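Chemist: The lines below spell out each chain.
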Amino acid sequence: MSGAEAEVTERRPAERDELHKREYDLLDTILQDMADAVVAEECYVHVQPRRVFVRVHPDRLREFIRYMQREHDMWQVSTLSGRDLGDDLQANYHFFLNDKKIAITIKVNVPRDKPEYPSITDLVPGVDFVENEIREMFGIVPVGHPNPRRCELPENWPGEEYPLRKDWADPRGLMKRSKTTGPRPKEEL
Amino acid sequence: MGFLRRLVDKAKIKSPWVFHFNSGGCNGCDIEIIAALMPRLDLERFGVKLVGSPRHADIMLCTGPVTEQIKPRLQRIYEQMAEPKYVVAIGSCACSGGVFRGAYNVLGGVDQAIPVTAYVPGCPPKPSAIMHGAYQLLQVLAEIMGVSPKELAPEFEEPPAPTVDTTETGAEVAQT
Amino acid sequence: MTSTSNRTVVIPPRVSIPIGPQHPALKEPAMFKLTVEGELIVDAEVNIGYNHRGVEKLAESNTHIQNLYLLARICGICSATHNGNYAQAVESAAEVEIPERARYIRTLIWELDRIHSHILWLGVAFHEVGFDTAFMYTWRDREVAMDMLESISGNRVHHDMNTVGGVRRDVPDELVPKLLRGFDKLKERMRYYRDVVLHEKTFWDRVAGVGILETDVAKKMGAVGPTARGSNVPVDVRFNDPTQAYVPMMDTGDFEMILNDRCDVAGRTIVRVEETIQAIEMCSWLVKNMPDGPIRERVRPRIQPNEVLARHEAPRGELIHYLVTNGTDKPERIKVRAPTHANWVSMAHTLKGNYLADAPIILAAIDPCYSCTDRVVVVDADEQKMELVPLDVLRVRANKWYKENPRRDE
Numbered sequence: 000m001s002g003a004e005a006e007v008t009e010r011r012p013a014e015r016d017e018l019h020k021r022e023y024d025l026l027d028t029i030l031q032d033m034a035d036a037v038v039a040e041e042c043y044v045h046v047q048p049r050r051v052f053v054r055v056h057p058d059r060l061r062e063f064i065r066y067m068q069r070e071h072d073m074w075q076v077s078t079l080s081g082r083d084l085g086d087d088l089q090a091n092y093h094f095f096l097n098d099k100k101i102a103i104t105i106k107v108n109v110p111r112d113k114p115e116y117p118s119i120t121d122l123v124p125g126v127d128f129v130e131n132e133i134r135e136m137f138g139i140v141p142v143g144h145p146n147p148r149r150c151e152l153p154e155n156w157p158g159e160e161y162p163l164r165k166d167w168a169d170p171r172g173l174m175k176r177s178k179t180t181g182p183r184p185k186e187e188l
Numbered sequence: 000m001g002f003l004r005r006l007v008d009k010a011k012i013k014s015p016w017v018f019h020f021n022s023g024g025c026n027g028c029d030i031e032i033i034a035a036l037m038p039r040l041d042l043e044r045f046g047v048k049l050v051g052s053p054r055h056a057d058i059m060l061c062t063g064p065v066t067e068q069i070k071p072r073l074q075r076i077y078e079q080m081a082e083p084k085y086v087v088a089i090g091s092c093a094c095s096g097g098v099f100r101g102a103y104n105v106l107g108g109v110d111q112a113i114p115v116t117a118y119v120p121g122c123p124p125k126p127s128a129i130m131h132g133a134y135q136l137l138q139v140l141a142e143i144m145g146v147s148p149k150e151l152a153p154e155f156e157e158p159p160a161p162t163v164d165t166t167e168t169g170a171e172v173a174q175t
Numbered sequence: 000m001t002s003t004s005n006r007t008v009v010i011p012p013r014v015s016i017p018i019g020p021q022h023p024a025l026k027e028p029a030m031f032k033l034t035v036e037g038e039l040i041v042d043a044e045v046n047i048g049y050n051h052r053g054v055e056k057l058a059e060s061n062t063h064i065q066n067l068y069l070l071a072r073i074c075g076i077c078s079a080t081h082n083g084n085y086a087q088a089v090e091s092a093a094e095v096e097i098p099e100r101a102r103y104i105r106t107l108i109w110e111l112d113r114i115h116s117h118i119l120w121l122g123v124a125f126h127e128v129g130f131d132t133a134f135m136y137t138w139r140d141r142e143v144a145m146d147m148l149e150s151i152s153g154n155r156v157h158h159d160m161n162t163v164g165g166v167r168r169d170v171p172d173e174l175v176p177k178l179l180r181g182f183d184k185l186k187e188r189m190r191y192y193r194d195v196v197l198h199e200k201t202f203w204d205r206v207a208g209v210g211i212l213e214t215d216v217a218k219k220m221g222a223v224g225p226t227a228r229g230s231n232v233p234v235d236v237r238f239n240d241p242t243q244a245y246v247p248m249m250d251t252g253d254f255e256m257i258l259n260d261r262c263d264v265a266g267r268t269i270v271r272v273e274e275t276i277q278a279i280e281m282c283s284w285l286v287k288n289m290p291d292g293p294i295r296e297r298v299r300p301r302i303q304p305n306e307v308l309a310r311h312e313a314p315r316g317e318l319i320h321y322l323v324t325n326g327t328d329k330p331e332r333i334k335v336r337a338p339t340h341a342n343w344v345s346m347a348h349t350l351k352g353n354y355l356a357d358a359p360i361i362l363a364a365i366d367p368c369y370s371c372t373d374r375v376v377v378v379d380a381d382e383q384k385m386e387l388v389p390l391d392v393l394r395v396r397a398n399k400w401y402k403e404n405p406r407r408d409e
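Chains as they are written, first to last, in numbering that gives the first Met the number 0: chain A, 0 to 188; chain B, 0 to 175; chain C, 0 to 409.
Just chain A, with the same shape it has in the complex (with noise of 0.2 Å):
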């Protein structure tokens, strides 16, 4: 059950009380000035301290970076992780804002037969080495990156399996070889 359905649902947001009260006035001034580029209902503050989930149009990315970096000093990048939601395929950035001392993580949605979404190693540096690995492993495109190469899995590596999405079962025959089970498709879980 990946993903939100109309009762179950990932997001646990926490209620508006003083131990969230800095979140809270974080996520309100996000949704206030960048009302547009943000999806506004997959946005919450959750009830472990110092955490703030946002979601971001993916080609309102870039912009949101810049505000993030302008206005609330977003410096600390931590990594980029990717998820395959069944229709769509997701990265998330997690950022980290010190001096507010709360964790951001950005999510963007791509469509799974088009991921694509502009890079910001331009901006951040530091996702160098993330956004070619999320490519090589969900097959998230992150357009204008510079420098796109194999990073993690072997060089004789096919071309359009990437082991992480939930469809993936390994053709090459290596959990056979193993004798143990691997990873399960989605219909089985």
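By construction, these hints were calculated from the structure, which means they are not laboratory data. If you're wondering where the values come from, they're calculated on a predicted model, not measured in any experiment. Be aware that a few hints might be false.
[Stated by the list, open to error] Computed list of lysine to aspartate or glutamate pairs in EDC-like fashion (alpha-carbon distance at most 16 Å, straight line):
no.	chain 1	residue 1	chain 2	residue 2
1	C	K219	A	D121
2	B	K125	C	E149
3	A	K165	C	D131
4	B	K48	C	D131
5	B	K70	A	E154
6	A	K165	A	D112
7	A	K165	A	D87
8	B	K70	A	E151
9	A	K165	C	E149
[Stated by the list, open to error] Residues from chain A that keep clear of chain B, each with C-beta distances beyond 10 Å, as calculated:
no.	residue
10	E41
11	Q68
12	D121
Cβ atoms here follow ideal geometry from the backbone N, Cα and C, with glycine treated the same way.
Start from chain A and add chains B and C according to the hints.
Modeler: Just chains B and C now, with coordinates in the frame of chain A:
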């Protein structure tokens, strides 16, 4: 000529030179191998020397579950060693793949790539376990080569078992 | 810095690339490709991937408890950090509060892990500059920390102390005096090593002024851990985003983030040595103030759908686990970002402009946690050839070069 051959064989047994190779592991077994050469459990007093080149080595200590990228390099290094050569697979990952068995990039143990003489299981094996494994290997080799085992015995005593309360002994050593 | 104004693009001859005596005809075997002009490094390219074991995919077919053991074996040196951080992530996803005593024990293991990892690094740094005596001394003293870890958890490496809901083993009261004695001894030895680092000319000349990483570059490149703190960048998850027993520890106000503004390898060394001394003090505090109580809490195996971001300060930097659960007992997606991965980008930057003889200590200075295939490719831009050099040969060459060209500045 027989005497020279026996001398060379004895040198191989009494002073084996080892080469260490990590085929994609977590480095846990590697630091235990290096810890076996450190002052607490000193393997160098037995003549074991860690060399940097496979061409100088008698024994290769191999750790890590073999990943796809490493496999051709591992095979090349094995080919570069001079005969007679022996391979010791150290750690559960090198024996059978360990916790990584079944991953798409892992072949599952060093014996999927090169022939292995001895297996030392553990995650990671303590330095004294590595030394015990090496000693067993050398005993077997001594039988194969015809070097008498009783010549082997006086040099290989089991070290005293380390006690938990080592702070005092450590403090004495620190006075030096 | 270089003699040419624009970078020379090296196109090796197509038929056979003369890669050194050990690996004939292997395509791109290297992890680091250094382009040199004479003895000066003008460009560095970093290639990683030899250690790729597909852990994230494997973790999706294991239960959460099995994943604790799998993730601990991502790295042998900092295994307690992955183990504890994943346990922390699952507990946040399940929204359970673990008992106080379990938090203190978990933090104690984390800090002991930091001590042994930093002493290990110090020994390796001494080895990289050719100071093997100190290498042996430091590793002998590290055995004191390993004995303490073994008496608490049963294993020297891969302690596996955590479970979802707490820790698996308790620290019995009989062990406390031995731990405190061990901490005193370690502190005395670390003060001695601090003197060696600061006042021993043979070591200091090799690390001062080498591998400079400016503050703003470190910020942009996402450097973490002592690499960043040695360049005066205030990133430390224990102080910025505390969890577990760091919360009461920060409330006492006795501990401060250790920063150094030297921006070179010497700065990172000093940060690590000071951090070890601080970690010993933290461990003493934890052992003395440990509350009584249970050590684990029962958590049902099926975790509710949730997404959490668990962060922790490993010895090498900030470790992140991004976990998405889906209502079953297996994770939906687990993303692990080990700290060394973030430091590679800044590493390529620090190598430029330095002599080739400094490459071993600069490579060691970020405290890399990579598989030690230890192969460095040296590309000679003038002569258009590539040479494959094992790292220990490079180290021997570096030491010989420094003996012939001693540095007299500072």
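Chemist: Take the hints in turn and mark each one as holding or not.
Modeler: Now for the hints, and whether the structure bears them out:
Distance restraint check for K219/C and D121/A: the Cα-Cα separation of roughly 10 Å lies within the 16 Å cut-off, and the hinted pair is therefore satisfied. Annotation: proposed proximity of K125/B to E149/C holds, straight-line Cα distance about 11 Å (limit 16 Å). About 50 Å separates the Cα atoms of K165/A and D131/C, which puts this hinted pair outside 16 Å; it is violated. Restraint check for K48/B and D131/C: satisfied, since their Cα atoms lie roughly 15 Å apart, inside the 16 Å limit.
The suggested pairing of K70/B with E154/A holds, with an alpha-carbon distance near 12 Å, which does not exceed 16 Å. With a CA separation close to 15 Å, the supplied pair K165/A and D112/A stays within the 16 Å bound. Among the hinted pairs, K165/A with D87/A is consistent with the structure: their alpha-carbon atoms are about 12 Å apart, no more than 16 Å. Taking the CA atoms of K70/B and E151/A, the gap is about 15 Å. The hint holds against a cut of 16 Å.
Using a Cα cut-off of 16 Å, the hinted pair K165/A and E149/C is violated, with the two alpha carbons roughly 40 Å apart. Once the 10 Å rule is applied to beta carbons, E41/A is consistent with being away from chain B; the minimum gap is 32 Å. Look at Q68/A: its CB is around 36 Å from the nearest CB on chain B, clear of 10 Å, so calling it non-interface holds up. Every Cβ of chain B is farther than 10 Å from the Cβ of D121/A; the closest lies at roughly 30 Å, confirming the non-interface assignment.
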